[in-house]
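The listed protein sequences derive, respectively, from chains R and F.
To get the numbering used here, take the position in the first sequence, counting from 1, and add 212.
To get the numbering used here, take the position in the second sequence, counting from 1, and add 212.
Be a bit skeptical, because a hint or two may be false.
No copy is singled out in the list; a pair is fine if it fits within one copy or between any two copies.
As the list claims (entries may be wrong) - Computed list of lysine-lysine pairs in DSSO-like fashion (alpha-carbon distance at most 27 Å, straight line): (1) Lys363 / Lys317; (2) Lys319 / Lys360; (3) Lys521 / Lys549; (4) Lys265 / Lys347; (5) Lys384 / Lys347; (6) Lys686 / Lys623; (7) Lys265 / Lys278; (8) Lys605 / Lys265; (9) Lys610 / Lys584; (10) Lys549 / Lys278; (11) Lys524 / Lys347; (12) Lys398 / Lys347; (13) Lys532 / Lys265; (14) Lys650 / Lys686; (15) Lys384 / Lys398; (16) Lys676 / Lys629; (17) Lys388 / Lys416; (18) Lys278 / Lys532; (19) Lys549 / Lys336; (20) Lys384 / Lys274.
Rather than coming from a laboratory, the hints here were simulated on the basis of the structure.
Being a predicted model, the structure only gives us computed values, none of them experimental.
These are the residues of each chain, in order.
There are 2 protein chains.
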Amino acid sequence: MDKDEQALKQTKSGDFSEWYNEVVQRAGLADYAPVAGCMVILPQGYALWEAVKSWFDTRIKKQGVKNVYFPLFIPERLLKKEAEHFTGFVPEVAFIQETGEGGEKEKYALRPSSETIITEEFAKRIRSWRDLPLKYNQWCNIVRWETKATKLFLRTREFLWQEGHTLYETQKEAEKEVWDILHLYKELMETQLAIPVVGGKKTKKETFAGAEYTTSLEALMPSGRALQMGTSHYLGTNFSKPFAVRFVDRNEKEAIPHQNSWGISTRLLGAVVMVHGDDKGMVLPPAIAPTQLVIVPIIFEQSKAAVLKAAKELETRLQKQFRVVLDDRDQYSSGWKFNQWELEGVPLRIEIGPKDLEKNQVVVVRRDTGKKAALSLKDLETHIAGLLTVIQKSLFEKAKIWQDEHTVVAKTVEDIKQAIEKLSWAKVNWCGGECETKLEPLAADIRVLPEGEHATGSCVLCGKKATTVALVGKAY
Amino acid sequence: MDKDEQALKQTKSGDFSEWYNEVVQRAGLADYAPVAGCMVILPQGYALWEAVKSWFDTRIKKQGVKNVYFPLFIPERLLKKEAEHFTGFVPEVAFIQETGEGGEKEKYALRPSSETIITEEFAKRIRSWRDLPLKYNQWCNIVRWETKATKLFLRTREFLWQEGHTLYETQKEAEKEVWDILHLYKELMETQLAIPVVGGKKTKKETFAGAEYTTSLEALMPSGRALQMGTSHYLGTNFSKPFAVRFVDRNEKEAIPHQNSWGISTRLLGAVVMVHGDDKGMVLPPAIAPTQLVIVPIIFEQSKAAVLKAAKELETRLQKQFRVVLDDRDQYSSGWKFNQWELEGVPLRIEIGPKDLEKNQVVVVRRDTGKKAALSLKDLETHIAGLLTVIQKSLFEKAKIWQDEHTVVAKTVEDIKQAIEKLSWAKVNWCGGECETKLEPLAADIRVLPEGEHATGSCVLCGKKATTVALVGKAY
Chain R
213 MDKDEQALKQ TKSGDFSEWY NEVVQRAGLA DYAPVAGCMV ILPQGYALWE
263 AVKSWFDTRI KKQGVKNVYF PLFIPERLLK KEAEHFTGFV PEVAFIQETG
313 EGGEKEKYAL RPSSETIITE EFAKRIRSWR DLPLKYNQWC NIVRWETKAT
363 KLFLRTREFL WQEGHTLYET QKEAEKEVWD ILHLYKELME TQLAIPVVGG
413 KKTKKETFAG AEYTTSLEAL MPSGRALQMG TSHYLGTNFS KPFAVRFVDR
463 NEKEAIPHQN SWGISTRLLG AVVMVHGDDK GMVLPPAIAP TQLVIVPIIF
513 EQSKAAVLKA AKELETRLQK QFRVVLDDRD QYSSGWKFNQ WELEGVPLRI
563 EIGPKDLEKN QVVVVRRDTG KKAALSLKDL ETHIAGLLTV IQKSLFEKAK
613 IWQDEHTVVA KTVEDIKQAI EKLSWAKVNW CGGECETKLE PLAADIRVLP
663 EGEHATGSCV LCGKKATTVA LVGKAY
Chain F
213 MDKDEQALKQ TKSGDFSEWY NEVVQRAGLA DYAPVAGCMV ILPQGYALWE
263 AVKSWFDTRI KKQGVKNVYF PLFIPERLLK KEAEHFTGFV PEVAFIQETG
313 EGGEKEKYAL RPSSETIITE EFAKRIRSWR DLPLKYNQWC NIVRWETKAT
363 KLFLRTREFL WQEGHTLYET QKEAEKEVWD ILHLYKELME TQLAIPVVGG
413 KKTKKETFAG AEYTTSLEAL MPSGRALQMG TSHYLGTNFS KPFAVRFVDR
463 NEKEAIPHQN SWGISTRLLG AVVMVHGDDK GMVLPPAIAP TQLVIVPIIF
513 EQSKAAVLKA AKELETRLQK QFRVVLDDRD QYSSGWKFNQ WELEGVPLRI
563 EIGPKDLEKN QVVVVRRDTG KKAALSLKDL ETHIAGLLTV IQKSLFEKAK
613 IWQDEHTVVA KTVEDIKQAI EKLSWAKVNW CGGECETKLE PLAADIRVLP
663 EGEHATGSCV LCGKKATTVA LVGKAY
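Please construct the entire structure, taking both the sequences and the accompanying hints into account.
Written out as structure tokens, the structure is:
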């Protein structure tokens with residue numbers, strides 16, 4: 213592949229959707245699969261998912277959550293036990309009709325979400341308040357037979373996720389966890405993925421099928437569309453009741469536990485591409501970058517041995533503290549390598565050539581800004597650590613400024629329309645009522661009711677007294 | 213649950229199969245699912261799987277293997293491209309008939325193994341010898357629609373596994389990896405799971421559908437049945453040819469790469485239960501035990517505060533080096549706790565009571581032998597680390613002695629028959645020919661041709677010149 217072939221054909225400010233597809237594939241994150249509506253998650257994409265998993269998994273384990281694995285197959289009779297849940301999911305459920313062990317024919321859903329089959333097991337595992345809280349989580353594949361066009365990471369018929377399912381003695385404890393998890397997700401997104409998000413409740417219309425209420429985190433993408441980044445649901449006793457989950461409480465009385473579920477998926481990786489990527493390809497936040505720095509030796513024939521030796525020593529030295537790759541491949545030019553690593557989004561490139569050897573220095577280039585600096589080999593670790601922190605912060609801040617600039621306070625429906633045309637979402641006062649449907653002609657809806665914000669004045673849609681602030685936008 | 217309810221109803225020397233089921237469920241490893249033929253992997257079981265994953269994943273990553281994720285769905289047309297593979301798998305493949313994005317009806321298999329869909333992607337990803345070797349691995353669920361009765365961990369319609377898929381320039385490199393991986397699996401099984409295994413090639417009859425040859429690791433279970441613990445296949449060009457995977461080699465000529473695949477599954481957890489478990493429940497090898505030691509404070513009213521304080525301090529101290537749980541629950545008696553932790557198989561129990569406080573000591577009890585010892589608080593870490601090493605070794609040695617005692621050199625078919633009746637497998641000389649079928653009346657077959665062993669004399673089955681040693685037994 214020569215240099216011209218390396219360059220992206222699309223630009224971010226051009227056809228955003230085509231640019232996104234090209235970056236995802238060319239940066240080795242994911243590919244279309246030879247099966248309609250599905251994706252292959254390639255090594256770079258999977259490594260990002262592993263970074264997300266590792267960060268989140270460590271934290272929920274500290275809170276006493278236990279990982280488990282439940283079957284992919286959910287008997288239709290179980291899925292039907294919570295009526296709203298079934299109705300909500302059935303249009304996108306894939307079923308297989310198979311013969312059970314006893315010879316009976318049964319219809320099995322490929323799990324669109326596992327509330328039902330996990331609640332069925334919960335009923336077996338609790339007897340007393342001593343068995344609570346019970347906190348399960350699983351990392352698994354999910355099947356939702358989408359009929360809309362596939363979008364890598366954002367909409368595929370199979371994706372990977374984490375689903376937490378927990379049971380508590382009291383509503384208060386359960387509701388506390390709903391928000392604690394939402395805040396933990398927010399921390400993941402903002403400190404690791406460097407993506408600013410707005411958290412809060414969803415409207416009734418957008419509530420998870422079977423939940424009392426849903427909380428969600430939303431991020432505005434450069435396309436002007438909001439992406440739902442993660443959800444945390446309070447299910448109340450909606451599942452535990454029909455599944456007959458009961459326990460003897462502290463007063464020796466039979467009680468029904470309160471239940472939550474919460475999840476994030478590989479969709480997050482799509483957000484990272486959209487928010488940080490540029491016309492050269494992917495830009496990886498250092499916190500989750502599978503490779504944080506690449507060392508490229510600058511080779512001239514007469515100094516080759518010395519430069520390669522120094523590069524190798526540098527790799528050994530920096531590996532102790534960072535995720536490093538030494539690209540000493542002979543068959544590619546330095547220019548080709550620069551382009552390739554920029555395409556993949558590695559945060560820092562370290563060039564080391566004969567002149568650098570003389571001066572006891574290296575040249576360090578930032579992926580996000582392209583800024584070059586010569587750094588002394590002395591204290592190099594401190595400088596690199598500093599640079600990685602700066603890049604991580606700067607990616608977040610840049611995204612936050614963009615999001616703030618694209619958050620428009622709207623006083624009328626016309627304001628909302630104009631905001632959406634300018635790739636923004638609109639912050640409005642809302643009554644909390646049925647008037648939400650008035651947004652349909654704009655192909656927009658209420659994405660989230662931002663936590664901690666309070667409305668004054670009247671509803672932007674119907675003029676009644678406003679009870680809440682709402683963020684309105686187009687969604688993916 | 214009182215003490216009598218805590219005790220197992222089955223014994224290992226009684227109905228082995230029922231004992232196994234009881235231990236798996238009561239120790240919180242797995243449960244039957246509300247869907248025929250499937251299992252729920254419970255927290256204790258999943259934590260063991262995570263220990264296996266973490267050990268193996270770290271090692272293959274060091275060898276340059278990259279994790280990926282491919283779709284669960286494999287179009288039937290892909291599965292059919294390698295004829296033997298299709299014929300071998302189709303009896304146990306679950307299919308869904310679904311509508312693709314373009315409106316076409318297509319039959320999708322739920323992956324029974326992913327050679328086909330991964331090879332299809334390989335064709336897109338290599339052009340030149342520079343792109344080789346290409347090493348992918350995925351941790352995922354697998355569906356094989358078994359018609360035999362379910363056995364938790366050993367035979368279920370869905371299970372979890374790891375499947376490695378690699379491509380090499382030359383046959384030599386590929387074949388080297390086949391054995392390297394087999395030896396890495398062996399190290400995992402022997403040093404982590406403490407289970408002795410015999411590795412070697414499988415016979416043609418037992419070769420993976422589509423492979424040139426299969427290597428395997430086999431362990432003899434206390435039931436006298438051999439369990440296939442892991443396999444590593446040399447696929448040659450059997451898949452790369454029909455899938456048109458080609459590359460330009462170092463001589464600028466078009467060449468076909470050589471391919472391997474290899475896997476281990478959650479079945480390994482069943483082997484751990486069978487080999488190490490006893491009449492009190494599970495016995496966990498310290499290397500993979502989610503909890504290595506449990507601290508149980510011995511409570512008397514007058515010394516309660518002091519003992520709890522000391523126990524808490526001990527927990528904090530030992531957590532720095534070991535996986536520790538402090539069981540300071542008020543609602544259970546010490547005796548109940550002892551039984552419960554024995555059922556779960558935690559390697560060491562540490563008791564701390566008022567007398568121990570006086571003497572600056574704790575009482576340490578080994579799960580595997582029941583042996584008790586008072587240990588000084590001084591240098592406690594060193595003693596515990598020593599004990600855990602001893603337990604790990606001793607579990608392996610005990611299993612090895614048992615396996616050696618149940619490995620019988622057989623000179624006649626009658627010898628084989630007798631060996632099998634004595635819950636053993638038989639080591640025989642074999643010609644490598646068609647006479648293998650003569651074992652069918654014994655409901656036995658050749659499990660493996662042990663690596664590094666050489667035959668002399670004549671074939672035990674047909675009298676022709678022996679070419680190899682073979683291990684004959686009943687299989688799970």
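Can you tell me if Lys363 and Lys317 fall within 27 Å by alpha carbon in one copy, between copies, both or neither? Answer is between: at 21 Å across copies they meet the 27 Å cutoff, but 35 Å inside does not.
Within a copy, between copies, both or neither: where do Lys265 and Lys278 come within 27 Å Cα-Cα? Both. Shortest intra-copy (14 Å) and inter-copy (16 Å) distances satisfy the 27 Å Cα cut-off.
Up to 27 Å between alpha-carbons, please classify Lys388 paired with Lys416: within, between, both or neither. within (20 Å within a copy, 60 Å between copies)
Status of Lys347 relative to Lys265 across identical chains (alpha carbons, at most 27 Å): Both, since 17 Å and 22 Å are each at most 27 Å.
27 Å Cα threshold - placement of Lys265 relative to Lys605: within (21 Å within a copy, 33 Å between copies)
First find the shortest C-alpha distance between Lys384 and Lys347 inside one copy, then the shortest across copies, and answer within, between, both or neither for a cut-off of 27 Å. within (16 Å within a copy, 49 Å between copies)
Quick one: Lys521 to Lys549, C-alpha cut-off 27 Å, is that within a copy, between copies, both, or neither? within (19 Å within a copy, 60 Å between copies)
Cα distance capped at 27 Å. Does Lys398 pair with Lys347 within a copy, between copies, both, or neither? Cα proximity of Lys398 and Lys347: one copy only (20 Å, versus 35 Å across).
Within a copy, between copies, both or neither: where do Lys549 and Lys278 come within 27 Å Cα-Cα? Classified as between: cross-chain Cα gap 20 Å, same-chain 43 Å, threshold 27 Å.
At most 27 Å between CA atoms: does that hold for Lys650 and Lys686 within a copy, between copies, both, or neither? Answer is within: at 14 Å inside a copy they meet the 27 Å cutoff, but 70 Å across does not.
Measure nothing new, just compare the shortest in-copy and cross-copy C-alpha distances for Lys686 and Lys623 to 27 Å and report within, between, both or neither. For Lys686 and Lys623, the Cα distance is within 27 Å only inside one copy (18 Å; across copies 78 Å).
Regarding Lys319 and Lys360, is the shortest C-alpha distance of 27 Å or less found within a copy, between copies, in both, or in neither? For Lys319 and Lys360, the Cα distance is within 27 Å both inside one copy (25 Å) and across copies (20 Å).
Hint violations for this structure: none, all hints satisfied.
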